[in-house]
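Peer 1: Chain by chain, the residues run as shown.
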Amino acid sequence: MCPECDAQVPVDDGVERGEVVTCPECNAELEVIGLDPPRFVLAPPEEVDWGE
Amino acid sequence: MSDPIRVGMLCSRIRVEEKLLRDALAHRGIDVEIVDDRELTLTLGNPSPGWDAVLERSISQTRGLAITRVLESWGVPTINSYAVAATCASKLDTSAALVAAGVPTPATAIAFTPDAAVQAAEDLGYPVVLKPVTGSWGRLLARINDRDAAEALFEHKAVLGGPEHSVFYLQRHVDKPGRDIRAFVVGDEVICAIYRYSDHWVTNTARGAHTRDCPVDATLRQMSLRAAAAVGGGVLAIDLLEDRDQLLVSEVNATMEYKNSIDVTGVDIPGLVADHVRRVARGAPVAVGA
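So the sequence lines, in the order shown, correspond to chains A and B. Here the first sequence stands for residues 25 to 76, where the numbers follow the working numbering. Here the second sequence stands for residues 4 to 293, where the numbers follow the working numbering.
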């Protein structure tokens, strides 16, 4: 369930803990923190030192 | 039968690139441990997990540098090395390394006050590009076309304050042909290259540029290997600009993203990186290009 809007968030096969998915209803970026059942937190916002 | 190689893969999040790298390492019989940099604790002088090597894939350059610094103090080889990652994390350090090695790069100047930065821009000649010394994905880039824009932008940065705005890093703008080139270097090989096309003057794929295969000719190969060697070598993405009839190296990236480059080049980038990681884990010296 999306922690921002309470929508059910589908997860594809192969999704892993630590991945970021997008809520289909509110477009929030969500980090997968559990898989059985799927659990999410809001993904941390981009920081100035992120990159390649 | 000898014990399998143990490799830690340092991550902030699991993206396509990390999955492909993990799978490529595992496919080679390597015991891969995903390490979340948010959960990691490292005690100086007290080596732990027993990795033969660590592949650094943190999104956070700060964390990646800090962790590789400690790992190297424990004698754990890292890909890339702390010194290489530190050089690439700073555009100023990268530029200094390129210039010292005689690698062609856009004319670059730094200044520390708005007035001095205007003078530096005038000396370079408009347009100039203002970049943060540390930063990636095309963040905070500004093309400055004239003195009015320069004065306004530099004043804004001075008022904003903070370390990321305290150094004015300026480069001559290169009027590239709607694209730049990214070459992928692994050890002493240029494994492939792509063109990054965009209608915008910023051609990062993180900003929406699309990619096509770029044939690696002798000139591109030599320039890329020289740039890789200038920063210390390893697994590197070299960004190059076509400036009329010559190539200029603009940046070198130490934690390269490549998901948009596999299909267009047909090259198994994660597989070749995994081969390199295996060589490093076995104690092979790192080849450093040209």
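Because the hints were derived from the structure by calculation, they are not lab data. Just to be clear, a hint being listed does not mean it is correct.
Capping the alpha-carbon separation at 20 Å, the derived lysine to aspartate or glutamate pairs in DMTMM-like fashion look like this [what the hints assert, rightly or not]:
#1 K22/B <-> D34/B
#2 K179/B <-> D266/B
#3 K262/B <-> E43/A
#4 K179/B <-> D278/B
#5 K179/B <-> D220/B
#6 K22/B <-> D266/B
#7 K22/B <-> E55/A
#8 K262/B <-> D60/A
#9 K22/B <-> D37/A
#10 K179/B <-> D242/B
#11 K22/B <-> D30/A
#12 K262/B <-> D26/B
#13 K22/B <-> D36/A
#14 K262/B <-> D248/B
#15 K179/B <-> D248/B
#16 K262/B <-> E40/A
#17 K22/B <-> E28/A
#18 K179/B <-> D202/B
Anything over 10 Å on all C-beta distances counts as not near chain A; from chain B, calculated [claimed, not checked]:
#19 D39
#20 P135
#21 R146
#22 A240
#23 A257
Ideal placement from N, C-alpha and C gives every residue a C-beta, glycine not left out.
Peer 1: Given the hint that K22/B pairs with D37/A, does the C-alpha gap stay at or below 20 Å?
Peer 2: 14 Å, holds
Peer 1: Is the Cα-Cα distance between K179/B and D248/B 20 Å or less?
Peer 2: 11 Å, holds
Peer 1: Quickly compare the C-alpha distance for K262/B and E43/A to 20 Å and report which way the hint goes.
Peer 2: Since the Cα atoms of K262/B and E43/A sit roughly 15 Å apart, the hinted pair holds (cutoff 20 Å).
Peer 1: Does the claim that R146/B lies off the interface hold, with its Cβ farther than 10 Å from every Cβ of chain A?
Peer 2: At about 20 Å from chain A, R146/B clears the 10 Å cut-off, so the statement holds.
Peer 1: Please work out if K22/B and D30/A have their alpha carbons no farther apart than 20 Å.
Peer 2: 28 Å, violated
Peer 1: Are all C-beta atoms of chain A more than 10 Å from that of P135/B?
Peer 2: 8 Å, violated
Peer 1: Is the straight-line distance between the alpha-carbon of K22/B and that of D36/A 20 Å or less?
Peer 2: OK: K22/B and D36/A at ~15 Å, within 20 Å.
Peer 1: For K262/B and D60/A, compute the direct alpha-carbon distance and say whether it is at most 20 Å.
Peer 2: 28 Å, violated
Peer 1: Are the Cα atoms of K262/B and E40/A separated by 20 Å or less?
Peer 2: Cα-Cα ~17 Å, so holds.
Peer 1: Using Cβ atoms and 10 Å as the threshold, tell me whether D39/B really stays out of contact range of chain A.
Peer 2: 7 Å, violated
Peer 1: Is K22/B within 20 Å of E28/A, Cα to Cα?
Peer 2: Status violated; Cα separation ~27 Å.
Peer 1: Check the hint pairing K262/B with D248/B against an upper bound of 20 Å on the C-alpha distance.
Peer 2: Violated, because 29 Å separates the two Cα atoms, which is more than 20 Å.
Checked against the numbered hints above, the structure breaks hints 2, 4, 8, 11, 14, 17, 19, 20, 22, 23 and satisfies the rest.
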